[in-house]
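Spelled out, the chains give:
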Amino acid sequence: MSFAQLLAVVDRAVQKHLDSVPVIYQSLAGTVEVRGMFDENYVLVDGSAHAGVEQVGPAVWFRLEDLPLHPDDDTPLLSILGKTYKVRERQPDGPVGGSIRLLLHVVDVAFELPPDGKAGSLASVGGQDPRGEQVRRAPGQDMRVFLNQLGWPLLP
Amino acid sequence: MPHQRKVIRDAVVAQLLGQTDAGQRVFPTRIVPLRTTELPAISVYTLEDTVSADSSTTGPRTLIRDLPIQIEGWVRANDNVDDAMDELALQVETAMHRDQYLGGEVSDSILDTTVMEVVEEGARLLGLVVLTYAATYRTMAPEAPPEPDNFITADTTRMVVGGVPDTEQHRDEVVVQEIA
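The listed protein sequences correspond, in order, to chains E and R. Read left to right, the first sequence gives residues 326 to 481 (this note's numbering). Read left to right, the second sequence gives residues 276 to 455 (this note's numbering).
Only chain R is shown next, with the shape it has when bound in the complex (with noise of 0.2 Å):
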């Protein structure tokens, strides 16, 4: 079973596919970098995960977590950069205002911060506008799976190589670990 993380993740790229400039050009977690031709493009990245303090007081023990949702947009432009940067994080609210609950994966989800910034260093002018979400989702504490039962006594048969046929088998009795 995948972390919730996980599923809230693929749960943003799939509220997002096909629902902005950039098409199906969402990626979850991109590190490989981009090529200009594939702009605009998307990249949903989840990679900080806060538990609240009230958790402790749980029982039985569930995680109340505040997770930012990075959603990164790469845009191209000419000197209009600016407007194609707030184009596309129109788009990006747009989509996932449609369901702030993400298909049931999270409790809430809200717009935090937009941060854009204009890169100029390569060929292209290119615009990078980042909007962050606040979700909050609970996950039960992952139960362990159950161990094996205690190895207590153990016991074992050996027959003598070489016996006759009536040779009696030699059989032991050991205690492996005693209990109180």
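Just chain E, same shape as in the assembly (with noise of 0.2 Å):
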């Protein structure tokens, strides 16, 4: 077993053990329902001011295939315990990169679910590739490699 395999199923291990909350994360390809660890700590806002303001730092953390695009390539909106949010920071985590952390902001708009009100799973993201044909994302595909497959220009 690889590191990164290895890894992954540590991930995974901890995920079920510490009590992962659903997210809906509304993608560029999708609205889908996956699992997450959210954290909300302390923050100080402060910038230059003399009196900051008490704040809390919300984050969310995933497994990279658990998600319908790579977050670098998307500008998701999460729903999460009911708020919901948008990425401001990206950060990759662990050595190889299979996991992502996102730093989030509460944006006050009404987060919406596709017309009939369910999100879907991984494997009802999919899209038109170039010839225009029907294309879904096979179980643990790599997200980058299915993206070229739909010919989406802002992949390298």
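For the record, the hints were derived by calculation from the structure and aren't laboratory data. Here the structure is a predicted model, which means the values were calculated and not measured. One thing to keep in mind: the hints can contain errors.
[What the hints assert, rightly or not] Cut-off 16 Å, straight-line C-alpha distance, at most; resulting in silico cross-link-like pairs (EDC-like, lysine to aspartate or glutamate):
{"no.": "1", "chain 1": "E", "residue 1": "K411", "chain 2": "E", "residue 2": "D397"}
{"no.": "2", "chain 1": "E", "residue 1": "K408", "chain 2": "E", "residue 2": "E437"}
{"no.": "3", "chain 1": "E", "residue 1": "K411", "chain 2": "E", "residue 2": "E437"}
{"no.": "4", "chain 1": "E", "residue 1": "K411", "chain 2": "R", "residue 2": "D354"}
{"no.": "5", "chain 1": "E", "residue 1": "K411", "chain 2": "R", "residue 2": "E395"}
{"no.": "6", "chain 1": "R", "residue 1": "K281", "chain 2": "R", "residue 2": "E380"}
{"no.": "7", "chain 1": "E", "residue 1": "K411", "chain 2": "E", "residue 2": "D433"}
{"no.": "8", "chain 1": "E", "residue 1": "K411", "chain 2": "R", "residue 2": "E396"}
{"no.": "9", "chain 1": "E", "residue 1": "K408", "chain 2": "E", "residue 2": "E358"}
[As the list claims (entries may be wrong)] Facing chain R, from chain E, some residues (calculated, C-beta under 7 Å):
{"no.": "10", "residue": "V368"}
{"no.": "11", "residue": "L369"}
{"no.": "12", "residue": "V370"}
{"no.": "13", "residue": "A374"}
{"no.": "14", "residue": "H375"}
{"no.": "15", "residue": "A376"}
{"no.": "16", "residue": "G377"}
{"no.": "17", "residue": "Q380"}
{"no.": "18", "residue": "P383"}
{"no.": "19", "residue": "D433"}
Even for Gly, the Cβ is constructed at its ideal location relative to N, Cα and C.
Starting from the two chains in their separate frames, assemble the complex, guided by the hints.
Here it is as structure tokens:
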């Protein structure tokens, strides 16, 4: 077993034991429900002011293969525990980059589910390839490979 | 009697109270952090005071002072945080321009600089706008309270304990310091 595979196994075990939360993840490629490790730590925001502002710094951790698109290529909205967030910073996590920590900002917009009212699973993520044919992301398929299949211009 | 800086600071707070979106959340020299739910809010600082060199030629001694008044405003907003900062800045400028003499507490006050900062570390995108007013005021050099008269001589009178009633009292006169 390679180190990356070993790390993935450990990540999954930790995720299972530390009570990850459901996250509705609205990606450019579709809306899916995934599980992430959510945290809100105390942050004192002060800039150059004499008196700062007490805040929390929400962040969520994912295994990359759980996401429909790599966050670098996406501008997702996330619904977590009833609040809507957007991503303000992407922090690749781990020595082999198999996971990512997203620092979040609260946004005052209502989170809209797809017309059927349900978030799909990763298997529902798909789109049209350059020939106009419907393509679905295969389970475990690397998201960048999948996006190249769709001919997305934002990828190298 | 309070220092004139405190009087000026309180005058600025009074002039801003209820005149901006911060409402009653205007604080003198606030150090305790604010909460996101308390925004917008304004804090007023007068932490640096320079005495003009011209003061040395005055008699009786008058101190001509240049006082920067820092007015710090925090706003919370979504992507339009710059608009929110500009709006609060306009409200502060309007309120301050209403009386540039701050109720007679300064000779003059004028907006010197405005610095804006977008701060994004927390859950909410916040904006910090700092308006600095240059105020000029004069104070007389404060008089020290008068000292007590010099202690020059002392008289002491002693009764002899256990003496008969007509025992003469013992009286001393002591010179504490000699006057030339």
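Structure-based check of each hint:
1. Using a Cα cut-off of 16 Å, the hinted pair K411 (chain E) and D397 (chain E) holds, with the two alpha carbons roughly 13 Å apart.
2. With a CA separation close to 12 Å, the supplied pair K408 (chain E) and E437 (chain E) stays within the 16 Å bound.
3. A distance of roughly 14 Å separates the Cα atoms of K411 (chain E) and E437 (chain E); the hinted pair therefore holds under the 16 Å criterion.
4. The hinted pair formed by K411 (chain E) and D354 (chain R) meets the criterion: a straight-line CA distance of about 11 Å does not exceed 16 Å.
5. Between the alpha carbons of K411 (chain E) and E395 (chain R) the distance comes to roughly 12 Å, so the proposed pair stays at or under 16 Å and holds.
6. With a C-alpha separation of about 10 Å, the suggested pair K281 (chain R) and E380 (chain R) falls inside the 16 Å cut-off, and the hint holds.
7. For the given pair, K411 (chain E) sits about 10 Å from D433 (chain E) by alpha-carbon distance, which is consistent with the 16 Å threshold.
8. As the CA atoms of K411 (chain E) and E396 (chain R) are separated by approximately 13 Å, the hinted pair is consistent with the 16 Å bound.
9. For the given pair, K408 (chain E) sits about 15 Å from E358 (chain E) by alpha-carbon distance, which is consistent with the 16 Å threshold.
10. With its C-beta approaching chain R no nearer than about 5 Å, V368 (chain E) sits inside the 7 Å limit, and its interface hint holds.
11. Among the interface hints, the one on L369 (chain E) holds; its C-beta lies about 6 Å from the nearest C-beta in chain R, closer than the 7 Å criterion.
12. Because the closest C-beta pair between V370 (chain E) and chain R is about 5 Å apart, less than 7 Å, the hint holds.
13. Taken as an interface hint, A374 (chain E) checks out: its beta carbon lies about 5 Å from the nearest beta carbon of chain R, inside 7 Å.
14. Checking H375 (chain E) against chain R by beta carbon gives a least distance of about 6 Å; that is within 7 Å, so the hint holds.
15. At its closest, the beta carbon of A376 (chain E) sits 4 Å from a beta carbon of chain R; the interface hint therefore holds under the 7 Å criterion.
16. Because the smallest distance between the Cβ of G377 (chain E) and any Cβ of chain R comes to about 5 Å, under 7 Å, the interface hint for this residue holds.
17. Taking 7 Å as the C-beta cut-off, the interface hint given for Q380 (chain E) holds, the closest approach to chain R being about 3 Å.
18. The interface hint given for P383 (chain E) is met, as the beta carbon of that residue sits about 5 Å from the closest beta carbon of chain R, less than 7 Å.
19. The beta carbon of D433 (chain E) is positioned within 7 Å of a beta carbon in chain R (closest approach about 6 Å), and the interface hint is therefore held.
The structure agrees with every numbered hint stated previously.
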